[in-house]
Amino acid sequence: MSSPAGTLEATRETGQGPSGGGRWSYFFERDRVLGPLMLSPAILYLVLVVGYPLLLAFFYAFSDVTVGSNKFDFVGLKTFKAAISDPTFKTALAHSFEITVISQVLVVVLCTILAFVLAADFHGKWFLRFLVLLPWTTPVALGAIIWLWMVDSIFTPFDWFAAKLGVIPDGGHLVLLGHAGTAMGTVIAVQTWRMLPLATVIVLAGLSSIPRDVEEQAQVDGAGFWRRLFSIQLPLLAPVILVAILFGVVFTFTDMAVIFILTGGGPGTATQVLPSWAFYKGINGGNLSVGAADALFMFPVLLGLSAVVLKLAHRIGGE
Amino acid sequence: MAIVQTQELRKEFGHNTAVDGINLKTEEGEYLVLLGPSGCGKTTLLRLLAGLEQPTGGDVLIGGEVVTRLPPRARKIAMVFQSYALYPHKTVRKNITFPLAAAGVPKDEWHSKVDWASDVLGIGRLLDRKPRQLSGGERQRVALARALVREPQVFLFDEPLSNLDAKLRTTARDELKEFQKRMGVTTVYVTHDQVEAMGLGDRVAVLNNGQIQQLGTPEDVYVDPANTFVATFVGAPPMNLLHVRDEVIGFRPENLLPLETVGEREGQMVCEFEITRVENLGSDRYVYGSIPKLDPEARVIAKLPSTLDVPVSPGARERYAVDGSKLRWFHRDTGQRVEPPPSGLPQGADR
Numbered sequence: 000m001s002s003p004a005g006t007l008e009a010t011r012e013t014g015q016g017p018s019g020g021g022r023w024s025y026f027f028e029r030d031r032v033l034g035p036l037m038l039s040p041a042i043l044y045l046v047l048v049v050g051y052p053l054l055l056a057f058f059y060a061f062s063d064v065t066v067g068s069n070k071f072d073f074v075g076l077k078t079f080k081a082a083i084s085d086p087t088f089k090t091a092l093a094h095s096f097e098i099t100v101i102s103q104v105l106v107v108v109l110c111t112i113l114a115f116v117l118a119a120d121f122h123g124k125w126f127l128r129f130l131v132l133l134p135w136t137t138p139v140a141l142g143a144i145i146w147l148w149m150v151d152s153i154f155t156p157f158d159w160f161a162a163k164l165g166v167i168p169d170g171g172h173l174v175l176l177g178h179a180g181t182a183m184g185t186v187i188a189v190q191t192w193r194m195l196p197l198a199t200v201i202v203l204a205g206l207s208s209i210p211r212d213v214e215e216q217a218q219v220d221g222a223g224f225w226r227r228l229f230s231i232q233l234p235l236l237a238p239v240i241l242v243a244i245l246f247g248v249v250f251t252f253t254d255m256a257v258i259f260i261l262t263g264g265g266p267g268t269a270t271q272v273l274p275s276w277a278f279y280k281g282i283n284g285g286n287l288s289v290g291a292a293d294a295l296f297m298f299p300v301l302l303g304l305s306a307v308v309l310k311l312a313h314r315i316g317g318e
Numbered sequence: 000m001a002i003v004q005t006q007e008l009r010k011e012f013g014h015n016t017a018v019d020g021i022n023l024k025t026e027e028g029e030y031l032v033l034l035g036p037s038g039c040g041k042t043t044l045l046r047l048l049a050g051l052e053q054p055t056g057g058d059v060l061i062g063g064e065v066v067t068r069l070p071p072r073a074r075k076i077a078m079v080f081q082s083y084a085l086y087p088h089k090t091v092r093k094n095i096t097f098p099l100a101a102a103g104v105p106k107d108e109w110h111s112k113v114d115w116a117s118d119v120l121g122i123g124r125l126l127d128r129k130p131r132q133l134s135g136g137e138r139q140r141v142a143l144a145r146a147l148v149r150e151p152q153v154f155l156f157d158e159p160l161s162n163l164d165a166k167l168r169t170t171a172r173d174e175l176k177e178f179q180k181r182m183g184v185t186t187v188y189v190t191h192d193q194v195e196a197m198g199l200g201d202r203v204a205v206l207n208n209g210q211i212q213q214l215g216t217p218e219d220v221y222v223d224p225a226n227t228f229v230a231t232f233v234g235a236p237p238m239n240l241l242h243v244r245d246e247v248i249g250f251r252p253e254n255l256l257p258l259e260t261v262g263e264r265e266g267q268m269v270c271e272f273e274i275t276r277v278e279n280l281g282s283d284r285y286v287y288g289s290i291p292k293l294d295p296e297a298r299v300i301a302k303l304p305s306t307l308d309v310p311v312s313p314g315a316r317e318r319y320a321v322d323g324s325k326l327r328w329f330h331r332d333t334g335q336r337v338e339p340p341p342s343g344l345p346q347g348a349d350r
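If you read the protein sequences in the order shown, they are chains B and L. Just so we're aligned: the first sequence equals residues 0 to 318 in numbering that gives the first Met the number 0. Just so we're aligned: the second sequence equals residues 0 to 350 in numbering that gives the first Met the number 0.
Hints are supplied without guarantee of correctness; some may be wrong.
To be verified - EDC-like mimics (lysine to aspartate or glutamate), calculated; alpha carbons at most 20 Å apart, straight line: (1) L:93 - B:212; (2) L:89 - B:214; (3) L:89 - B:212; (4) L:89 - B:215; (5) L:112 - L:137; (6) L:75 - B:215; (7) L:129 - B:212; (8) L:93 - B:169; (9) L:129 - B:214; (10) L:180 - L:26; (11) L:75 - B:214; (12) L:75 - B:212; (13) L:93 - B:214; (14) L:166 - L:127.
None of these hints come from the bench; they were simulated from the model.
All chains, full assembly: derive it from the sequences and hints.
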């Protein structure tokens, strides 16, 4: 233990430090210097790109600022009252939860199945893994535009499938984005499609961290597939699945690009969600303060959720 | 309780042959140890018995029944892994009841079975702990208890002592032997540690290159090795092997003794032993050197018990003797045991 320090002393005494000796030669190697130095880019990034806008949002939410004037007064909770009293706000809030919960349930089920498939040994495994990961590497906006074409009211291939299945007459149209129910379904499907790759990779990593011995022990102990899945693998995967859910919820709950591109919140307000509503209200409508207040309603939800999931993951991981 | 048998069992991984046509048959309630260096195929053989690997050829029989194509859970075996593979998220009690649940044992019988198994292994006070709160020795006992509750036909052990520290290993070995004796269940035990093999096994199968080199009692394997591999793998320090003309002669280090202590007798091989180094291990002294007249190349070790009070100094040339009955003869090329020459002594020895 004492040898590195000993070497250091010896070097100092002979005055043959790499930078000519002296007390400053190892300045950057000190924990108190190196630590903050290495952390500073991350902290700077967080402060400028996350902290500053967040603070600004708080300022705006308690004020009467709009795009059109340079008036700036603090009005207390008045903005929040205005935001809540708008009937669309409640609809948007409900939709946000609906889309997030349903898509995440689908993601958890599908990503677990997919992870098990991808963990198996077969030819072309790496190519399939690459394909599965592709949606995640695509920018949200591009993905949403592709889906916009896919569900186009006239040219969508889904019409053909629906006609073959007898859901609509030949030559008929589903107009997926034209009805409240199907529009919502489409949005949920796209959000699921978008979050599935990340969740799969997370669960796959968790799956490969389960010791092979433990799985084989379960086989020798007489457990069949389902018993191994529900009493061994899923409990051991629970912490990573929670992490996948955390990421999924945060990304889905705060996303407005899919709504903005696919439905614009419509038809009517059928797919309006909190982020898109805040955007329409604050940026398009010019009412910065109400937009900020709308957006801030996401903050406690996400904060609380993060705390709960991290705590849960910590508890399970610790056992 | 059942007999485990393999017939021409083979396992290939790509171009590698891990198990090369093994025929093996345990006896009822026997403690059979598979001993070999790492990569000799002993663990693969055990996994084939367990059903965790599918053989490339041949059959596995348990209790006279061909189980080659049956999954592990249908084989009525219990296996203890090197890591013990306790379920980390379950308490000790739940670990032990897991095989019962899997076997569909009614819940009201669980309690008595857990009590019985934890009594046998003395882990009653650990039942509500999680595996991470247990020491290595305790984990081993939990793994044994979990193996025990299923009342298996066969126990399979994969180096269960190698994760314990040296001191604990000795007591754990003792407990393991005691445990098996009491249960009387046929046991196949894999190890690379010859001390474990000699101490635990009713019989020892020495494996190398996927083949059984010798199958016999620990004494057989030690005293009468079938070939030079067994001769050098079993025993620490290994058997001395000297290339003398067309043959290889071998003798155990403890049989090479100073002539003055054994006295001159008929049928001895007496030779000049050139001592280069002496290690004092407390209970024994290892004397390193060579016998230039027989095989100047070979390094020879003599193991002198500390009760033998003779001065040994490096650089000296002393007259040492090996009793002719302790000499073993091997074929120079194949390494297999051969008959000794009529004289019973190598040519060129002093007598």
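| task | Would you check the hint for residue 89 of chain L and residue 215 of chain B, treating anything up to 20 Å between C-alpha atoms as holding? | result | Given that 20 Å is the threshold and the Cα spacing comes to 16 Å, the pair holds.
task: For the pair supplied as a hint, residue 75 of chain L and residue 212 of chain B, confirm whether the alpha-carbon distance does not exceed 20 Å.
output: holds, 18 Å
Given the hint that residue 75 of chain L pairs with residue 214 of chain B, test it: the Cα-Cα distance must not exceed 20 Å.
-> Holds, at about 17 Å.
Can the restraint linking residue 112 of chain L and residue 137 of chain L be considered satisfied, given a maximum Cα separation of 20 Å?
Holds, at about 19 Å.
Check: Straight-line Cα separation of residue 89 of chain L and residue 212 of chain B no greater than 20 Å?
Finding: Answer holds: residue 89 of chain L to residue 212 of chain B is near 15 Å, not above 20 Å.
Would the hint linking residue 129 of chain L and residue 214 of chain B be met if the CA-CA limit is 20 Å? holds, 18 Å
Fill in: Given pair status - residue 212 of chain B, residue 93 of chain L, alpha carbons within 20 Å
holds, 18 Å
Take a quick look at whether residue 93 of chain L and residue 214 of chain B sit within 20 Å of each other, Cα to Cα. holds, 16 Å
**Request:** Given the hint that residue 129 of chain L pairs with residue 212 of chain B, test it: the Cα-Cα distance must not exceed 20 Å.
**Result:** holds, 18 Å
**OP:** Verify the proposed pairing of residue 180 of chain L with residue 26 of chain L, using a straight-line Cα cut of 20 Å.
**Re:** The given pair, whose Cα atoms are some 14 Å apart, holds under the 20 Å limit.
Please verify whether residue 93 of chain L and residue 169 of chain B have alpha carbons no more than 20 Å apart.
Violated. Residue 93 of chain L to residue 169 of chain B sits at ~59 Å, over the 20 Å cutoff.
Exercise. Hey, residue 89 of chain L versus residue 214 of chain B, does the alpha-carbon distance stay inside 20 Å?
Worked result: holds, 14 Å
The earlier numbered hints that this structure contradicts are 8 and 14.
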